[in-house]
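With the hints as extra help, turn the sequences into a complete structure.
Following our numbering, the numbering of the sequence shown begins with 907 at its first residue and continues without gaps.
Where hints are given, some of them may not hold.
[Claimed, not checked] The calculated label-pair distances, taken between Cβ atoms and stated as ranges, are:
| no. | residue 1 | residue 2 | range |
| --- | --- | --- | --- |
| 1 | Glu934 | Ala1013 | 27 to 37 Å |
| 2 | Ala1013 | Ala979 | 49 to 59 Å |
| 3 | Leu939 | Phe983 | 14 to 24 Å |
| 4 | Arg933 | Leu986 | 19 to 29 Å |
| 5 | Arg1002 | Asn975 | 16 to 26 Å |
Honestly, the hints are just simulated from the structure, not real lab data.
Idealized CB from N, CA, C, for every residue including glycine.
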Amino acid sequence: MSAPALPGQDRSSTNQFMIALRSIRPREDLTRLLQHPCARNALLIGIGGGTAVGAIRFLGSQRVWSSTNWAVATFGFASLTSWETCNRSRKAEGQRIQAAREAFKHASKGKKWAATTTSGAGVGKTETPVVAGESAAQVDGQGETADRVDYGLR
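As structure tokens, then:
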């Protein structure tokens, strides 16, 4: 049995609305929401901010409804702002990673991996090139492990 159509609405849009309404599963949707990397931090920031602002408003005005409204509004604003900031930074990081992969793929065609090792401290510091397949200990020659290995394309 489907819901009656509202004036100015056809049956298909009402049926689509009912299908969409039936697809809501609160427990599963909340579980899926909490699995998102930004959700936990966004909710914690919202809860903390809303509680702080609500408490400060209540201590200043002694009005329960006003402080509750401020707390809920702050929770929503802080949560959404934190969520969007986190998602934006994750997207930018993904783009940087993709650009690095593309640059590496194009730069590594026909080239060997190489690295330089830095061993010793202060004045006796030496840099030795390492070619693909060699370890820093093999190149050092004295059996000492290198302090730092700088990987790159040569």
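Each hint, compared with the structure:
no.: 1; hint: Glu934 x Ala1013: 27 to 37 Å; in the structure: violated (45 Å)
no.: 2; hint: Ala1013 x Ala979: 49 to 59 Å; in the structure: holds (50 Å)
no.: 3; hint: Leu939 x Phe983: 14 to 24 Å; in the structure: holds (18 Å)
no.: 4; hint: Arg933 x Leu986: 19 to 29 Å; in the structure: holds (23 Å)
no.: 5; hint: Arg1002 x Asn975: 16 to 26 Å; in the structure: violated (41 Å)
Hint violations for this structure: numbers 1 and 5, all remaining hints satisfied.
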